[in-house]
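Each chain, written out:
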Amino acid sequence: MNSANYLYLSALLFTLGAVGVVVRRNAIVVFMCIELMLNAANLSFVTFSRINGNLDGQVVAFFTMVVAACEVVIGLAIIVTIYRSRRSASVDDASLLKR
Amino acid sequence: MFNTNSLVYLIGLPLFGATFLLLAGRKVDKWGHILATVLSGSAFIVGVDQFFQMANRAPEDRAITQVLFSWINVGTFNVDAALLLDQLSICFVLLITGVGTLIHIYSIAYMSHDENRRRFFAYLNLFIAAMLLLVLGNSYLNLYVGWEGVGLASYLLIGFWNQKPAYATASKKAFIANRVGDMGLSLAIMIAFATLGTVSFAGVAEKSHTASQGALTAIGIMLLVAATGKSAQFPLQAWLGDAMAGPTPVSALIHAATMVTAGVYLIVRSNFIFDAAPTAQLLVVIIGAITLMFGAIIGTAKDDIKKALAASTMSQIGYMVLASGLGPVGYAFAIMHLLTHGFFKAGMFLGAGSVMHGMDDEVNMRKFGGIRLFMPITFVTFGLGYLAILGVPPFAGFYSKDKIIETAFYSGGIKGILIGSVALLGAGITAFYMSRLMILTFMGTPRYTEDKNPHESSFLILLPMAILAIGSVASGFLLSHGNALVNWLSPLFEMTEETENEIMPPIVISSLALVFVAAGFALAWKMYARSAVSNTAPTDVSIFTKAARRDLFQDDFNEAVFMRPGQLLTKTLVSTDELLVDGTVRGIGKAAIGSGNLLRTTQTGFVRSYAALILIGAISLIAAIWVVTQ
Amino acid sequence: MIQLAINTGVTQTPEAILFWILAPLAVAAALGMLLVKKAVHSALLLAFVMVTLAIFYIAQGAVFLGIVQVVVYTGAVMMLFLFILMLVGVDSSDSLTETISGLRPIAITAAFGFGGLMMSLLGRATLGREAIGLDAANANGNVASLAQLLFSKYVWPFEIVSALLITAALGAMVLAHHQREIPRPTQRDLSIARFRSGSLATAAGLPGPGVFARHNAVDVPALLPDGSPASASISETLRARGDMKDSSIYQLDQINTAVEEEK
Numbered sequence: 001m002n003s004a005n006y007l008y009l010s011a012l013l014f015t016l017g018a019v020g021v022v023v024r025r026n027a028i029v030v031f032m033c034i035e036l037m038l039n040a041a042n043l044s045f046v047t048f049s050r051i052n053g054n055l056d057g058q059v060v061a062f063f064t065m066v067v068a069a070c071e072v073v074i075g076l077a078i079i080v081t082i083y084r085s086r087r088s089a090s091v092d093d094a095s096l097l098k099r
Numbered sequence: 001m002f003n004t005n006s007l008v009y010l011i012g013l014p015l016f017g018a019t020f021l022l023l024a025g026r027k028v029d030k031w032g033h034i035l036a037t038v039l040s041g042s043a044f045i046v047g048v049d050q051f052f053q054m055a056n057r058a059p060e061d062r063a064i065t066q067v068l069f070s071w072i073n074v075g076t077f078n079v080d081a082a083l084l085l086d087q088l089s090i091c092f093v094l095l096i097t098g099v100g101t102l103i104h105i106y107s108i109a110y111m112s113h114d115e116n117r118r119r120f121f122a123y124l125n126l127f128i129a130a131m132l133l134l135v136l137g138n139s140y141l142n143l144y145v146g147w148e149g150v151g152l153a154s155y156l157l158i159g160f161w162n163q164k165p166a167y168a169t170a171s172k173k174a175f176i177a178n179r180v181g182d183m184g185l186s187l188a189i190m191i192a193f194a195t196l197g198t199v200s201f202a203g204v205a206e207k208s209h210t211a212s213q214g215a216l217t218a219i220g221i222m223l224l225v226a227a228t229g230k231s232a233q234f235p236l237q238a239w240l241g242d243a244m245a246g247p248t249p250v251s252a253l254i255h256a257a258t259m260v261t262a263g264v265y266l267i268v269r270s271n272f273i274f275d276a277a278p279t280a281q282l283l284v285v286i287i288g289a290i291t292l293m294f295g296a297i298i299g300t301a302k303d304d305i306k307k308a309l310a311a312s313t314m315s316q317i318g319y320m321v322l323a324s325g326l327g328p329v330g331y332a333f334a335i336m337h338l339l340t341h342g343f344f345k346a347g348m349f350l351g352a353g354s355v356m357h358g359m360d361d362e363v364n365m366r367k368f369g370g371i372r373l374f375m376p377i378t379f380v381t382f383g384l385g386y387l388a389i390l391g392v393p394p395f396a397g398f399y400s401k402d403k404i405i406e407t408a409f410y411s412g413g414i415k416g417i418l419i420g421s422v423a424l425l426g427a428g429i430t431a432f433y434m435s436r437l438m439i440l441t442f443m444g445t446p447r448y449t450e451d452k453n454p455h456e457s458s459f460l461i462l463l464p465m466a467i468l469a470i471g472s473v474a475s476g477f478l479l480s481h482g483n484a485l486v487n488w489l490s491p492l493f494e495m496t497e498e499t500e501n502e503i504m505p506p507i508v509i510s511s512l513a514l515v516f517v518a519a520g521f522a523l524a525w526k527m528y529a530r531s532a533v534s535n536t537a538p539t540d541v542s543i544f545t546k547a548a549r550r551d552l553f554q555d556d557f558n559e560a561v562f563m564r565p566g567q568l569l570t571k572t573l574v575s576t577d578e579l580l581v582d583g584t585v586r587g588i589g590k591a592a593i594g595s596g597n598l599l600r601t602t603q604t605g606f607v608r609s610y611a612a613l614i615l616i617g618a619i620s621l622i623a624a625i626w627v628v629t630q
Numbered sequence: 001m002i003q004l005a006i007n008t009g010v011t012q013t014p015e016a017i018l019f020w021i022l023a024p025l026a027v028a029a030a031l032g033m034l035l036v037k038k039a040v041h042s043a044l045l046l047a048f049v050m051v052t053l054a055i056f057y058i059a060q061g062a063v064f065l066g067i068v069q070v071v072v073y074t075g076a077v078m079m080l081f082l083f084i085l086m087l088v089g090v091d092s093s094d095s096l097t098e099t100i101s102g103l104r105p106i107a108i109t110a111a112f113g114f115g116g117l118m119m120s121l122l123g124r125a126t127l128g129r130e131a132i133g134l135d136a137a138n139a140n141g142n143v144a145s146l147a148q149l150l151f152s153k154y155v156w157p158f159e160i161v162s163a164l165l166i167t168a169a170l171g172a173m174v175l176a177h178h179q180r181e182i183p184r185p186t187q188r189d190l191s192i193a194r195f196r197s198g199s200l201a202t203a204a205g206l207p208g209p210g211v212f213a214r215h216n217a218v219d220v221p222a223l224l225p226d227g228s229p230a231s232a233s234i235s236e237t238l239r240a241r242g243d244m245k246d247s248s249i250y251q252l253d254q255i256n257t258a259v260e261e262e263k
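Chains as they are written, first to last, in UniProt numbering: chain A, 1 to 99; chain B, 1 to 630; chain C, 1 to 263.
The following block holds chain A by itself, in its conformation from the complex (with noise of 0.2 Å):
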């Protein structure tokens, strides 16, 4: 099988990841779109590492995937923490840095 078509899927999942971080309003949902990009961008890296055939590009996938597990662990916390402040765990209530 043609090793691009992954690449497609990728490219497919990270568009759909992108859109819903414009589109979905809660801050839970913003986030899982955002892990939704990073799998996508991983597929990537792990379908280039078997067409350059060496491991370089699981070890980047590797490392993407504990930064994501940092990024959601304070992610979450701060979700937590405006939502203790706001009541609200929508994005667009969080919206007072403004004109």
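None of these hints come from the bench; they were simulated from the model. Here the structure is a predicted model, which means the values were calculated and not measured. Treat the hints with care, since some could be wrong.
[Said to hold, decoys possible] Far from chain B, by Cβ distances over 12 Å, these chain A residues were calculated:
1. L12
2. V21
3. N54
4. V67
5. V80
6. T81
7. R84
[As the list claims (entries may be wrong)] The calculated lysine to aspartate or glutamate pairs, modelled on DMTMM-like cross-linking and capped at a C-alpha distance of 25 Å, are:
8. K37/C / D92/A
9. K571/B / D555/B
10. K526/B / D303/B
11. K172/B / E148/B
12. K164/B / D303/B
13. K452/B / D361/B
14. K38/C / D92/A
15. K546/B / D556/B
16. K590/B / E578/B
17. K452/B / D304/B
18. K37/C / D56/A
19. K367/B / D451/B
20. K164/B / D540/B
21. K37/C / D93/A
22. K207/B / E60/B
23. K153/C / D56/A
24. K38/C / D56/A
25. K30/B / E115/B
26. K172/B / D114/B
27. K27/B / D49/B
28. K98/A / E236/C
Backbone N, C-alpha and C fix where the C-beta goes; we use that ideal spot for every residue, glycine too.
Got chain A; can you put chains B and C on it based on the hints?
Then chains B and C, alone, in the frame of chain A:
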């Protein structure tokens, strides 16, 4: 009785008077004027004492210097606040304190009804102190302090009745015209310091031989500018007529006898510069000749008695400046005319004040007439001054003015004939306008209204006039007897033995001058004594009369050439500043605000719209890649 | 042509079959993630996408990553998401109605633009050679080979990432820690506050739901003495989820039995 150290008392006494009277307040209103007069008189006594001490010394030792304190001490530049009393200074000291004291006495009566008399006397004392500092300073910098001081005193006294806007404007005009001259003096001092490294008279005199011709000419011209400002010479003469807004004693003291002659003093004092800079010296002569005619012509058309006298002052100082531009031979005659003029012009101004006093402050000569019957003493003292200024022998003016005309003729070549003729013609015109003034005021039939009550003034007013009248009669003879003043001053000037090119003998010149004077008098007699004089100025007069009435368009000229372009320049600068400079600054600010406001609309605060913008940015990036990898 | 046929034949491998079954499902699940209303459903769909990706990793020879994907992502991270969802609860932010005008068209256009450009670029890119495959690289086993790389070439990033993890853990603790500035209101305080509030209507506490219950449900509002339904008696969460009945139908004069029949 007094030693060298008493020089400081000359300045200190009137300065103390000014400070005390200004600070003491109303408590001293009752006796403040007496104190001021006594202090001025004391200064005169000190001056007389110094004069006799000096006269008793050998001519080489006559000049004395008193260092008060070290004023500026920077590196190699040292200026002491020091006083120099020499043969030239003492003449001025005696004139200033003598005439000054007489005018103090006069003012006691003249200003007796003025509620600000104490302030007036404080200013008078301030003037005496500043004027003495001017003539006693041993360097240009010390002189400059006094120079500015008399400018201030003049400003304060011209605008003494500053409740009248016209008077306040006149004082401002005098001050501003003087500032132009002061700028010349400061520039002269700066050039002197830059080229010679010193500003003291002795230092500059010593080093003036080493300086280049150009630098000396520049210093000379700048000094001349200073002199034209202070002495109301062309082209800075316009302020003197308006300066008559001040009380009459002020006109007599400051604007006739002393301050306006400071320019002559400056030129004579700087003889070492002018002797070495012929171009500047020639300019001095030209300025003197122009002013001489200028003042005389204006004098013929003025109906205001004080303004006619002011024009006369301008013209007479023109004589002095002209003489001081004639080199070593002229300096002594310039000073002699200055001294005699101090007597007779001050006397006539005081006489005019006396007339005004008796005529309810009326100044229009056309509304006088026949006053001699009511004011005999004023008439006699004024008449003696009148004869003196005409140059009728043996009155003072004859000795001094004839000598100037003579020297002018003898200065050589076509130049000598030219300036000699101007001086001669000036004498004739002087005779005309002074006779006109005399006839209109004292002769003829009364033209004043019924409610006027001409009466002779009080003793305190008449006494100074009488003393000055004696001076008008005798000073010329005394100063020229045996060349007294010339010999007295001669150690100060480097006399060069010039070949006298006598184009005609002195007796011819004197006779010519008398002929011109007689012609001027006859014309005035014909016009104003033989024919009826209207008490309003006739309007169907020639264009020359109109021009003379308008002061030969001096104000129009200044307004057109300096004031309006200056205002225009100021307005242009203001609008440039507002539109261009401020506009640029504000424009940048507004542009920043505007663009900020524009960009602010993108700051919705919604994270999702920012995410959308990032997405659009990413698309742009990919589109760019897509295009370049085409 | 023969080569193409061979290639086509080669793609008809088990991997291709796997791909063509799972890839559409993954895309559908990702799309569903955007479209479903409830965050919980989104989370479940994401978990499905992640498991699919894990399978793809394994299929491509990244065995270790596939396992880590399942354990770390689908297990730990998604658990964290669900946990936070439980903590935050359900509110109106789940609604799919767009509140920022014009954003949705922009997003959709952008999505098509972005996707289209990416596809186009990928289609245009040529490697110039066949995929090498990981058989050689994985000769000592995938895990051992990865370990070899991680602890030799990538040892510094590895160390730094470990520091990042610790920092993140500490940061999460700091952020989530809540210092109470005012003492927790006691029952007495709450009672006083109720009496001091604007009206005495709530002085006795909010009415419980289902007081006028014709069926035993918490989504039925209490009725006030005048017969009007008290909307305050229903949980906010139910309202946010849209699980609440329109309270007006419980107006006394509005009651009709047909509603109950339907229920």
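Quick rundown of the hints versus the structure:
For L12/A, the condition that its CB be more than 12 Å from all CB atoms of chain B holds, with the nearest at approximately 14 Å. For V21/A, the shortest C-beta to C-beta distance to chain B comes to about 5 Å, within the 12 Å cut-off, and the non-interface label is violated. Taking the minimum C-beta to C-beta distance to chain B, about 25 Å, the non-interface status of N54/A holds against the 12 Å cut. Non-interface status of V67/A relative to chain B is upheld: no Cβ of that chain comes within 12 Å, the nearest being about 19 Å off.
At roughly 17 Å, the least C-beta separation between V80/A and chain B is larger than 12 Å, which holds for a residue marked as non-interface. The Cβ of T81/A sits about 15 Å from the closest Cβ of chain B, beyond the 12 Å cut-off, so the non-interface label holds. Non-interface status of R84/A relative to chain B is upheld: no Cβ of that chain comes within 12 Å, the nearest being about 18 Å off. For a cut-off of 25 Å, the pair hint linking K37/C to D92/A stands: about 17 Å separates their Cα positions.
With a CA separation close to 21 Å, the supplied pair K571/B and D555/B stays within the 25 Å bound. With a C-alpha separation of about 17 Å, the suggested pairing of K526/B with D303/B holds against the 25 Å cut-off. Among the hinted pairs, K172/B with E148/B is consistent with the structure: their alpha-carbon atoms are about 14 Å apart, no more than 25 Å. For a cut-off of 25 Å, the pair hint linking K164/B to D303/B stands: about 21 Å separates their Cα positions.
Between the alpha carbons of K452/B and D361/B the distance comes to roughly 10 Å, so the proposed pair stays at or under 25 Å and holds. For the hint pairing K38/C with D92/A, the CA-to-CA distance comes to about 17 Å; that is within 25 Å, so the pair holds. With a C-alpha separation of about 13 Å, the suggested pair K546/B and D556/B falls inside the 25 Å cut-off, and the hint holds. For the hint pairing K590/B with E578/B, the CA-to-CA distance comes to about 15 Å; that is within 25 Å, so the pair holds.
A distance of roughly 17 Å separates the Cα atoms of K452/B and D304/B; the hinted pair therefore holds under the 25 Å criterion. For a cut-off of 25 Å, the pair hint linking K37/C to D56/A is broken: about 39 Å separates their Cα positions. Between K367/B and D451/B the CA atoms are separated by roughly 12 Å; this keeps the pair inside 25 Å, and the hint holds. This hinted pair does not check out: K164/B and D540/B have alpha carbons roughly 31 Å apart, beyond 25 Å.
For the proposed pair K37/C and D93/A, the alpha carbon gap of about 18 Å is at most 25 Å, so the pair holds. Restraint check: the Cα-Cα separation between K207/B and E60/B comes to about 20 Å, which is no more than 25 Å; the hinted pair holds. Restraint check for K153/C and D56/A: satisfied, since their Cα atoms lie roughly 9 Å apart, inside the 25 Å limit. Taking the CA atoms of K38/C and D56/A, the gap is about 38 Å. The hint is violated against a cut of 25 Å.
Taken as a hint, the K30/B and E115/B pair is honoured in the structure, with Cα atoms around 11 Å apart against an allowance of 25 Å. Only pairs whose Cα atoms come within 25 Å are accepted, and K172/B paired with D114/B is accepted, the gap being roughly 22 Å. Among the hinted pairs, K27/B with D49/B is inconsistent with the structure: their alpha-carbon atoms are about 33 Å apart, more than 25 Å. Distance restraint check for K98/A and E236/C: the Cα-Cα separation of roughly 29 Å exceeds the 25 Å cut-off, and the hinted pair is therefore not satisfied.
The structure does not agree with the numbered hints 2, 18, 20, 24, 27, 28 stated previously, though it agrees with the rest.
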